[in-house]
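Q: The primary structure of each chain is shown beneath.
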Amino acid sequence: MDFRLFCTLALNGIAMGVVYAMLAMGLILLIRAVGVMNFAQGDLLMFGAYVTSSLILDFELPLYLMIPVSFICFVVIGLVFMFTIYWPLRKASYPAATIIATMGASIILKELATLIWGALPRSLPPIITDANGKPGILYIGGIPLQWQYVLTIIVGAILIFLIHMLFEKLYVGKMMQAACQDSYAANLMGVPAIATISATYIIVVCLASVGGFMIAPIYMVRNTLGTLQLRAFAGVVIGGFGNIKGAIIGSLIVGLVEVFSTVFLSGYKDVTVFMLIILFLLIRPQGLFGGKIADKA
Amino acid sequence: MIKIHNLHSYYGAIEALKGIGLWVRSGKITCLIGSNGAGKTTLLKSISGAVDCKGSIKYNDSTELIGRSSQKIARLNITHVPEGRHIFPGLTVKENLEVGTINWHGFFGRMPYQKEMEEVFELFPRLKERENQLGWSLSGGEQQMLAIGRALMSRPRVLMLDEPSMGLAPVIVSELFEKITEINRQGTTILLVEQNARLAMKVSDYTYVIDHGRIVLEGESLEVRKDPRVIKSYLGKFAKSHR
Ligand SMILES: Nc1ncnc2c1ncn2[C@@H]1O[C@H](COP(=O)(O)OP(=O)(O)O)[C@@H](O)[C@H]1O
Ligand SMILES: [Mg+2]
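One line per chain: the protein sequences are E and F, in this order. All residue numbers for the first sequence refer to our numbering, where the first residue is 1 and numbers rise by one. All residue numbers for the second sequence refer to our numbering, where the first residue is 1001 and numbers rise by one.
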């Protein structure tokens, strides 16, 4: 494999890994906050991709208007999601109810997207294009790198970093962490449960939707984008359930393995991801960083 | 301070408290003793709004607590230290204490809480030594100190402690109970729930005995300690809850 191809593949792999990491981080935030695996995570990404592309293609908003408007949309989606899928079921005597509701949400989001935007995939131009409207290319030392992948990495990394800082450094973030780690005690201390849980859902929707927006020019906007959830789930398993740093590294591994495997086993992308999950469950079921969590629990 | 009248509390269809009357006296230590499953924890949960109940719980003779959320009750500076400590395992000691300020601090507020924290560290110097350690890494006694310290950060007027001695070595328990009386001396009203009846009656002013969701006996702790029924069931050699 020549060096240029290697660099291109590595860039694609890392970019996809960052998107999976955004999904995986959201998955873990929800598992910690409300104790539920969200099976609609990938479809939130898909829906976010449709919303943002619609703002650009149908409403023809420039980027500086599209960003705040889409943020408002994500807040609304997050709140609607939380108040329909989670809130009415939070005291259900059957804990699987919330999980099943997220599966239902997955179907609803797909059907809703088809209803609003039709069944045909839509193509969204990359953020940076050259003079001919082709995807913009960044040359570093003569190696061509697609701008869209580079931007995906930058935007994703910034978002993940900011959310990490919010949780680790700010007073609000500590209240949210407390509510995640022990909701009973947090509730007794007076941490407002609705506010912290709503905020968590909004963050999760933002993470997924921005991921959807960034990869829309690469994958096209289609209602099957939800299947990317499998990759994020693999990242979570590899990283060790519940550990955000582990999930980020796990997702990057999934992205890289997936991209490089297409070179050797074209057409078997899903198989490699499944193999990776099975391999980890066999050899290291606690994940890469699992040991530390077992101590923490 | 808190007057409870004809309180019934429910877990779904199960009635755990069946008409409780109890008065938490201002400035005093009131204790509630009873064996496992008698309803002690449920009573505290009823006051802090964590369980469905009927009847009346009056705070300062005017404010009805039933029907209020836990969050609103916490804002009245009624603070519940739950059974089993429930500290936040992934937060440091200092961060755990910070969470304690949420009831008066507000969600985005940036008010100083250095004074409160210094007072907690003064009472529990051990926590100061461990201020940057994660919650899960503390010993049982330290976790209980942290749970109480976190409650003190909330500027409690009424402090409710649920079995603070649970699972701790006797030396640590007596150290802890000294601190509890110290907190009370500084003006905080305390409602203490214990299975360790001997200790609870020693430090408290007034005692209630609960059994199967009903108050079966009450009185000055000095008197209740001498009651033959109490000696037989809770203090004697063959008492079911004696440890
Ligand atoms: N979450 C719950 N669901 C159903 N029943 C409960 C629950 N918690 C406690 N109970 C019942 O309520 C009664 C009182 O329990 P509790 O207040 O925890 O007792 P104590 O604290 O005195 O040991 C017990 O019979 C117990 O089985
Ligand atoms: Mg109890």
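Please keep in mind that the hints were generated in silico from the structure rather than gathered at the bench. Even glycine gets a Cβ: it sits at the ideal position worked out from N, Cα and C. Treat the hints with care, as some may be off.
To be verified - Estimated spans, in silico, between C-beta atoms of each pair: (1) F:D1061 x E:K91: 25 to 35 Å; (2) F:T1181 x E:M103: 53 to 63 Å; (3) E:F71 x F:G1106: 44 to 54 Å; (4) F:G1106 x E:A157: 41 to 51 Å.
Said to hold, decoys possible - Computed far set for chain E versus chain F, every beta-carbon distance over 12 Å: (5) V75; (6) A97; (7) W117; (8) M176; (9) L188; (10) M189; (11) V191; (12) I194; (13) S261; (14) R284.
Q: Against the earlier hints, flag every one the structure doesn't satisfy and list their numbers going up.
A: 3, 4, 8, 9, 10, 11, 12
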